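One-letter residues, chain by chain:
Number of protein chains: 2
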Amino acid sequence: MKRRSFLLKASAAAVAGTAMAACSKKEQAPAPSAAPSVTTGNPAIEWRLASSFPKSIDTIYGTAELFANRVKSLTDGKFNIKIFAAGEIVPGLQVLDAVQNDTVQVGHTAGYYYYGKNPAMAFDTTVPFGLTTRQQNAWMLQGNGMKLMREFFSDYNIVNFLGGNTSAQMGGWFRKEIRTVADLQGLKYRIAGFAGAVLSRLGVVPQQIAGGDIYPALEKGTIDAAEWVGPYDDEKLGFQKVAPYYYYPGWWEGSAQLSFYVSAKEWAKLPPLYQAAIETASLEAHTQMTAKYDHVNPQALARLLENGVKLRPFSREILEACFKATQDAYAEEREKNPAFKKIFDDWRVYRNNEAAWFNVTEQAFAQFSFQHKL
Amino acid sequence: MKRRSFLLKASAAAVAGTAMAACSKKEQAPAPSAAPSVTTGNPAIEWRLASSFPKSIDTIYGTAELFANRVKSLTDGKFNIKIFAAGEIVPGLQVLDAVQNDTVQVGHTAGYYYYGKNPAMAFDTTVPFGLTTRQQNAWMLQGNGMKLMREFFSDYNIVNFLGGNTSAQMGGWFRKEIRTVADLQGLKYRIAGFAGAVLSRLGVVPQQIAGGDIYPALEKGTIDAAEWVGPYDDEKLGFQKVAPYYYYPGWWEGSAQLSFYVSAKEWAKLPPLYQAAIETASLEAHTQMTAKYDHVNPQALARLLENGVKLRPFSREILEACFKATQDAYAEEREKNPAFKKIFDDWRVYRNNEAAWFNVTEQAFAQFSFQHKL
Chain A
1 MKRRSFLLKA
11 SAAAVAGTAM
21 AACSKKEQAP
31 APSAAPSVTT
41 GNPAIEWRLA
51 SSFPKSIDTI
61 YGTAELFANR
71 VKSLTDGKFN
81 IKIFAAGEIV
91 PGLQVLDAVQ
101 NDTVQVGHTA
111 GYYYYGKNPA
121 MAFDTTVPFG
131 LTTRQQNAWM
141 LQGNGMKLMR
151 EFFSDYNIVN
161 FLGGNTSAQM
171 GGWFRKEIRT
181 VADLQGLKYR
191 IAGFAGAVLS
201 RLGVVPQQIA
211 GGDIYPALEK
221 GTIDAAEWVG
231 PYDDEKLGFQ
241 KVAPYYYYPG
251 WWEGSAQLSF
261 YVSAKEWAKL
271 PPLYQAAIET
281 ASLEAHTQMT
291 AKYDHVNPQA
301 LARLLENGVK
311 LRPFSREILE
321 ACFKATQDAY
331 AEEREKNPAF
341 KKIFDDWRVY
351 RNNEAAWFNV
361 TEQAFAQFSF
371 QHKL
Chain B
1 MKRRSFLLKA
11 SAAAVAGTAM
21 AACSKKEQAP
31 APSAAPSVTT
41 GNPAIEWRLA
51 SSFPKSIDTI
61 YGTAELFANR
71 VKSLTDGKFN
81 IKIFAAGEIV
91 PGLQVLDAVQ
101 NDTVQVGHTA
111 GYYYYGKNPA
121 MAFDTTVPFG
131 LTTRQQNAWM
141 LQGNGMKLMR
151 EFFSDYNIVN
161 FLGGNTSAQM
171 GGWFRKEIRT
181 VADLQGLKYR
191 IAGFAGAVLS
201 RLGVVPQQIA
211 GGDIYPALEK
221 GTIDAAEWVG
231 PYDDEKLGFQ
241 KVAPYYYYPG
251 WWEGSAQLSF
261 YVSAKEWAKL
271 PPLYQAAIET
281 ASLEAHTQMT
291 AKYDHVNPQA
301 LARLLENGVK
311 LRPFSREILE
321 ACFKATQDAY
331 AEEREKNPAF
341 KKIFDDWRVY
351 RNNEAAWFNV
361 TEQAFAQFSF
371 QHKL
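Read top to bottom, the protein sequences are chains A and B.
Using UniProt numbering, the first residue of the first sequence is number 1, and each one after it goes up by one.
Using UniProt numbering, the first residue of the second sequence is number 1, and each one after it goes up by one.
I should point out that these hints are in silico values taken from the structure, not numbers from a laboratory.
Among the hints, erroneous ones may be present.
Any copy, or any two copies together, can satisfy a pair, since identical chains are not distinguished.
[To be verified] Heads up, simulated BS3-like pairs for lysine-lysine below, C-alpha to C-alpha not over 27 angstroms straight-line:
#1 Lys341 <-> Lys373
#2 Lys373 <-> Lys336
#3 Lys188 <-> Lys220
#4 Lys147 <-> Lys336
#5 Lys55 <-> Lys342
#6 Lys188 <-> Lys324
#7 Lys310 <-> Lys220
#8 Lys324 <-> Lys373
#9 Lys265 <-> Lys82
#10 Lys336 <-> Lys55
This structure is a prediction, so every number in the text was calculated from the model and none was measured.
My request is simple: use the sequences and hints to build the entire structure.
Rendered as structure tokens:
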């Protein structure tokens, strides 16, 4: 399997972050709990959080703000986590490294951005035909997911916490309709990581282009298609003007989990109260981020459709071919990568069991109810 | 619309809870954060939490334990919430009243158990053909849901917090197959609340039977069918032995939210730090409960199927008739109940917009991916 480690979504975030690095750093609002009657014997601590995202991606960047504000309010304002956008301390794609080498105490990023270090990183975000948001939560919180990922990340000086989920993403923007696997042949598609590797098996030529360069590339026809996130985030970049066909589903991102990566060295130094604050505040921010996406995406999709966007499902033929190519990619990686194999073998059984259950009452309810307007 | 306010699921919980009232009250384990180096100037507070559930429903009862333990660990062990199962202080169906009149400071229950007081209560849990778990979270956390429900509950001396979600429930256990609307005629079905009222429009005779009495009633044929929750909770009651047809979806519970109801009077007395602890701990417990159900249900369903349970979808004809009857019930209630109308009008638009969006990439992903084993 070809490794395409340079993940463009993150890269774009980094570029945008750099552009915004001149912005003054946002001061945290005073926490409501910092009332004069409340004091603690705990130490004052200041941490720096490096985000892989620019402030303009408010859904994700805002999740780190929620997290930091809650930690502050839970510690009488004594534990301050200061947030830095992508590019302010390190580029968006170097957040994991910055935590690993203790440049910052915590990062807000996505495991699959570091797919080039080890494809097993992707299980901390998502892999093709993987878990939905609720299934990923179940695997991480109640199954073996968190245990396996903590074990994996311990080699990187990292203790990981859930940091949000975008939920199922769109398949992206296309200049022309694609109907068959033959239409994929030679298609210049801005897509990276595991999905790029899978699609290259089907003749796609994956492209690596930073976020700000996608629009002109689509306009000129230098590329034929590009994937980004979903309606709310995509709308800001204006792709609909140059590539009117908006495909779904993004089968490589049935959900996409973000994470807070805390330095294991720094984690061990925290008082138990501060550790508890991080545990609970991260899960609160995690849940709020999914709710936020689920709140803003319907409105954004409606606006896009009003503006003439043409919504198209990937054909069954294309999905079947992508599924087969994904299976082949998993089999190859499993063979040569023991860390991948260890996590994959647990994950695969979990994923199949979850699919069998969700296919019953959740799916029957959704399929009927979503088609009926009240 | 006939009011069937006596909600049997809660009733059963209350009965089971009474049976367990003799059990000694569980002492909280010492919180890990109560280290000697950590002190605060905050007061020691002890609260009593009345649950609508017996300890045997570990998925829901355990959510209150998670909540209380986290509040304790976030307050240096000074804010103790002691949990009482259904029947220990008040019966499971009187938890809201116990908070309203300050018998306890907090309750863990479901709004729709109090449908008899006002059907608008049901929006805090679920209503027929309503929101899925993620949609309910979005409406409550990012839409107007929390605002509207807080306003509504302020008349009851209650500040409400999210307290878990069972997610989509099953349609229940039937002695014989049902295929058409005609098969519903005269069907004695243990089902309550809004769903019972809707089904009675189609000739069903809703039955009110406490949890412990369902099994013998099904065995003798006193009733023809009974709904409970989903595979994990249902399995414990053994219905499969006397009613082998297990129907889905439970269209009246596309999700089912639990809530923590805090006395508004007591809430106002809390230091800001303790308020922050309740806010974050409740949302953490909320997320953990859904993950728990999503973790245990697939395994329980697999065991049930191994034991010969016959899984059946409700026919399209039946679902269409139920949808129509639901619309009629909403229209009637909206006409005569201003509190219902106010919430419904916001909720309805939200629900339709969410359905339109979820029907795109989430559904396309789920429909394809869940049918393909990796």
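So, going through the hints one by one against the coordinates:
no., hint, result
1, Lys341 <-> Lys373, "between (45 angstroms within a copy, 17 angstroms between copies)"
2, Lys373 <-> Lys336, "between (50 angstroms within a copy, 22 angstroms between copies)"
3, Lys188 <-> Lys220, "within (13 angstroms within a copy, 67 angstroms between copies)"
4, Lys147 <-> Lys336, "within (22 angstroms within a copy, 53 angstroms between copies)"
5, Lys55 <-> Lys342, "neither (36 angstroms within a copy, 36 angstroms between copies)"
6, Lys188 <-> Lys324, "within (21 angstroms within a copy, 48 angstroms between copies)"
7, Lys310 <-> Lys220, "within (20 angstroms within a copy, 57 angstroms between copies)"
8, Lys324 <-> Lys373, "between (36 angstroms within a copy, 11 angstroms between copies)"
9, Lys265 <-> Lys82, "within (18 angstroms within a copy, 35 angstroms between copies)"
10, Lys336 <-> Lys55, "neither (39 angstroms within a copy, 47 angstroms between copies)"
Going through the hint list in order, the structure does not satisfy hints 5, 10.
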